[in-house]
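Starting from the given sequences, assemble the full structure and let the hints guide the process.
So the protein lines, in turn, are chains A and B. Sequential numbering of the first sequence, starting at 25, is according to the numbering used here. Sequential numbering of the second sequence, starting at 37, is according to the numbering used here.
It should be emphasised that the hints constitute simulated quantities derived from the structure, not laboratory data. Backbone N, C-alpha and C fix where the C-beta goes; we use that ideal spot for every residue, glycine too. Take the hints with a grain of salt, since some may be wrong.
A few chain B residues facing chain A, derived, Cβ under 8 Å [what the hints assert, rightly or not]:
1) H374
2) Y488
3) V491
4) L495
5) F496
6) L498
7) R510
8) F515
9) P517
10) L520
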Amino acid sequence: MDNTSKLKSISMLSIVIHSMIGLRLLTLPRDLVSLAGNDAWISVLISGLVSLIIGYSYYWLGLKYRGLNLSQIAEAVFGKFIGKIILSIFVVYITLAIGLSIRAFSDSIQFFLLDTTPSFFIIISMIIACTYCLINGIKTISILMDILLPVILFSIILLVSFSTTNMDRANLLPVLHTGIMPVLGAYVESIHPFLGLGVMAYVMPHFSEFKDTKKWIFIGILIVTFIYIAIVMMCIMVFGSKETEHLIYPTIILSKSIQFEVQLFERAESFFISSWIPITFSTMLLFYYSSVLNLKALFNTNKHNFIVYLHIPVLLLIALYPKNIVNVYEYLKIPTYLAAGFSIISISMPVISILKSKKKKNNCI
Amino acid sequence: MDSRNFFRRKGSASKIKIHLNRNKSDEIEPLSLSLKDNLNKLKTTFEHCEDLVYRKVSSKKSNVDFLLVYFGEMIEKNTLNNNILKYLIHDIDGFSKRKSYEYSKFIKASLPVSNIEEVTDYNSIIGPLLSGDIILFTEDCYCALIIPAKTSDERSIAPSATERTIRGPQDAFVENINKNIHLIRKRIQDPNLAVEFFTLGHSTNTNIALLYIKGIAKNDIINKIRLKISTIDSSSILASAQLEQLIESHKWSLFPQTLATDRPDKLSRSLLEGRAVIIVNGTPFALIAPVTFAMFFNSSDDYFERTIVTSTIRIVRYICFISSIFLPALYLAMTSYHPGMLPTPLALYITGARVGLPFPSLVELVFMQFTTEVLIEASVRLPKAIGQTVGIVGGLVIGQSVVQAGLVNPLIVIVVSLTALATFILPVYTFALSTRILRAIMIIAAATFGLYGIVIAGLFILIHMSSIESFGIRYLEDFSPYSLSKLKDTLIKAPHQYINRAPEYLNEKNNDEV
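Here it is in structure tokens:
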């Protein structure tokens, strides 16, 4: 793949949005509501604000280490040895996250669309689609993201606006009834999908107009925050916090509850779950892409296609390992913990980098 | 290639041919001084060409012998009789004052025919002779003259049969390359309109012209096209379709990477946008390159009608493209995998209608799809008069009786005929053809994995479309880095004053990065 292919700054918008909206949106309302009750949307808001800071720190790193992606920056900041250890944490986190989300995805597809199709087919077709796209390079990925973005936004807006017919605003009240602590507890949970933002630091080297790129990163984060808040609020307003806690896929059930004035679809959830396939695909593709870059940096190799193909058996193994859906969500906790480490590392990177450069300056003086 | 050849390439078409023929047999064979030797040599080269005429004449006034060689049916008889023969036999005089080696120069200066060329090499007369020029040998002179006298036995300019417009200009390309270039030059009277000639095919010696506007078209793109054309190694190029296949980079793709049209107004517009046009002698269809996906949704009429109307029709075309690919597959997926999605009355109706039917939906759908494909192919190939009969047989007889015979659910007839109609809305025939294959892929995907299969197959097609490029321009460039200015002539059509600038990615001035 050529590293010289430059992208226009506006392409960052779709990459940022796609990296953060994924399969997690289907289950997130339940996890948040069980922790924070009807104030769950406040934790999402906090996460959105925090991710603005994370986004800025990635942008700052990209600016400081021009032409390097996150894995190369990690090595540059922490040095060769520690850098490799941190890289391997990245690798484990991202491959586990991809593999398990593919599994969770295939489970939800089986649950809603194809109940007798073997999950093996769903998993392998998803992996092959990602692989096919990856061997065509970053420009293809960026075009694909741009084309898929309107489709995804359209279906989410449709879902939210149709749900307004049977919402009850009283479900949101009283605000902050249980105090601020549960909200903060849910915040830790809700920051996880926002960490998809890390993908941004892997594609940064392909952008040349930095100033505009920053603008689109922030707009992207704001749109994502808005979408998450809207979905979580809708779930609470339609079902109430008590009911949302007991739904496995609250977002899908939300679409199930839609009743059209005119009978166009008998059950709208099949339509929404099929629009969820590209959403999951795009997130997975971006994670896959960053995983490839990680492995390339870890093994100091430039064989792009080889690394891409190497992922297929690994991801298959991870995806097929859990026995059932309960297992999947148990295992999914591992990447969640790793994600916490990932976020600490990525926030500490700019700090260490600043300290380092100060040290250098002092030495010079 | 030395500088001399370079200049030749810029000259007329016949000049290139000479130079290429010289390249073919590298050594130079000088012509003989005696007419007899030259005649014998030609007779051995053109041993099997019984239509080659060797005509010996001699001047009455000066008593000099000439030999004229030409293919009898390829030349203009008038030119031969009035301008050449009459002149050589009766009028020309003054040979006695000149040395014999000056003869040909003298004839060249005094013959009333334009563009005469003087050659001394035997190999360089063969190409022009084959293309319909007259070769004139003079006794005792080592030079031969190539006198252009090709007949213009061609069909005259007529309206385009494949792309009709209502308000647009009614002229279309013909087979002759020079006439076609003339049609473009007439529209773009600009010295920056560059025309480059190539000759391709060892046995067909086909003339090919590459047209672009200097200063608007991007140099990178033109260089890429030029390189592709000049590296072609093929024995025959009879039509632009062959050239198209030879220059495109994704040969196994379903999507055309050049746009073939015979409408000079469409071609001129593309030139002004910064694209290149490739004209092949012998085909009325010229190629536009590079192309993007959105171009296949533009019809010539779009530029002659009002903005809002056109924009609406454009959007309808996009919807039709999508539904022509997905509609049968969606029907299949919904009825066989996800009946819950259909409104209850419709689901009940379909179940009711299917009660007496022997075959599964897939078989019905494939059968009806196959029938429409046959009907379309039959009506395209048949003469106009019988074509209507096919319509009646297909539409009324088969459509009606298939339902009455209890073979097919009437809903499937609706779905299949709607799909066929949606395909016909697409303005470019080549592009409409590829939707047929895409539709088949979708039906297979839907039959095996329902909605999931459709979405995944759609994703695969989308990935493929994002990955292909035409001469350095991505196929989906019109949609990908978002930009409002690109919307002006893609999904909608803005009023003319907003779109008279070339797209950014094609423009030479915005040369930074695509």
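Results of checking the hints against the structure:
Here the hint on B:H374 is kept, as its CB sits about 5 Å from the closest CB of chain A, short of 8 Å. Given the 8 Å rule on beta carbons, the hint for B:Y488 holds: about 5 Å separates it from the nearest Cβ of chain A. Against a cut-off of 8 Å between C-beta atoms, the interface hint on B:V491 holds, since the closest Cβ of chain A lies about 4 Å away. Satisfaction of the interface hint for B:L495 is found here, the shortest Cβ-Cβ separation to chain A being roughly 5 Å, below the 8 Å cut-off.
For B:F496, the shortest C-beta to C-beta distance to chain A is roughly 6 Å, which falls under 8 Å, so the interface hint holds. A least Cβ separation of about 6 Å between B:L498 and chain A falls short of the 8 Å threshold, and the interface hint therefore holds. Nearest Cβ of chain A to the Cβ of B:R510: about 6 Å, under the 8 Å cut. The hint holds. Because the closest C-beta pair between B:F515 and chain A is about 6 Å apart, less than 8 Å, the hint holds.
At its closest, the beta carbon of B:P517 sits 4 Å from a beta carbon of chain A; the interface hint therefore holds under the 8 Å criterion. Hint on B:L520 is violated. Least Cβ distance to chain A is approximately 11 Å, over the 8 Å limit.
In summary, the structure is inconsistent with hint 10 from the numbered list given earlier, while agreeing with all the others.
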